[in-house]
Amino acid sequence: QSALTQPASVSGSPGQSITISCTGSSSDVGGYNSVSWYQQNPGKAPKLMIYDVSNRPSGVSNRFSGSKSGNTASLTISGLQAEDEADYYCSSYRSGSTLVFGGGTKVTVL
Amino acid sequence: QVQLQESGPGLVKPSETLSLTCTVSGASISSYYWSWIRQPPGKGLEWIGYIYDSGSTKYNPSLKSRVTISVDTSKNQFSLNLGSVAAADTAVYFCTRGSKLYYFDYWGQGTLVTVSS
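Chains as they are written, first to last, in the working numbering: chain A, 1 to 110; chain B, 111 to 227.
Chain B extracted, bound-state conformation (with noise of 0.2 angstroms):
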């Protein structure tokens, strides 16, 4: 079956990058639409961006200066880049594959990520 693991620091410091990688198993990275989305703590759900077609990409208007997603054919895997956070960006990180562009079928567990110094 389809299954999506985040992982990276769950730390990071304020203007830095944050980088976090969702390594796929049970589907092909060449194919579908891979997402990230985030969730500060109490708060609701934000769409970051998604890549598809091995390397299109499309982000949030909000986040767009500071966003970059990327894909790893080989290791079937896709990243996320944040880069100068702040407090702000505290959240649960989710990576998701979509069937198509605009819902997401597969979650991953998420990881927390705590921008602090």
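Next up, chain A with everything else stripped away, as it sits in the complex (with noise of 0.2 angstroms):
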């Protein structure tokens, strides 16, 4: 099954904010309010970041929100900092009961 579209990579000093796409199909982004957000630091597993598209589970920071129009989903990292260096993968339920993952994304904090 074909994979969610994402950037490969995305950069930004200190401080800024960063937007990362998700771009599927009404079949699966544009279809369910079912975006989830990962961050995966080298070696690690990946850490859930965001679900349903814009909830925060407890503990993580504010910094990071999620948004979604029409087949794409976003997420944007605000106040940019060393430690947000890391892939991020979003996902999407798919009909039929399945699940995808995007390509993922590399931030590079300059």
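If you are wondering where the hints come from, they were derived from the structure by calculation, not from laboratory data.
Treat the numbers as computed from the prediction; the structure is a model and nothing was measured.
The C-beta atom is built at its ideal place from N, Cα and C for all residues, glycine as well.
Some hints here could point you the wrong way.
[To be verified] Stretch by stretch, here's where chain B covers chain A in the computed footprint (C-beta under 8 angstroms, at least three residues): (1) 69-81; (2) 89-96; (3) 100-107.
Grab the two chains, each in its own frame, and use the hints to assemble them into the complex.
This is the structure in structure tokens:
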């Protein structure tokens, strides 16, 4: 099954805001409010950062926010910090009760 | 707190079956959604499948013919069998819990499985 589309890399300076996009179709991102975002540091398991498009789990900084418009979901990191440098993956429910990930985005803090 | 731990062989021969077990503590295996996810070296995440309700399953269509996920409620474990493996199945395999079907709120540390003769 085809993956969701994310940019390979996004960069920003400390304090800036960056946005990562995640594009799918009406069968996944656009059809359901079931997008989640994960942060993965090298050699570690991914960590849930956003669920249900825009909800933050307890303990996740409010500098992370999520949104969706049509078939594209977005993760915004405000007040970028060095510790935010990591890989980020989106995921969505897809019709047929399956799940699909994006290809991942490497965030670099300049 | 909730903890998940993968276990199983780190090396599997081509054409054989990859078998992994995830031991869960701090949560009942009879509740929630339990998934397997893999990540080939240097690549992205791929959802393999999930089990819920102590036995209902759903698999990635691209792997469906080779995958079986099962649960052992007496041991609070769930397992992955992936048949007819090839080098492309070399990956870090993660077991996860989802409070809902479509997100993963707890992850195991992952275990690297290499397919090689």
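Now the hints, each set against the structure:
1. 69-81: violated (count 0)
2. 89-96: Answer holds; 5 residues pass the 8 angstroms Cβ test.
3. 100-107: holds (count 5)
Checked against the numbered hints given earlier, this structure breaks only hint 1.
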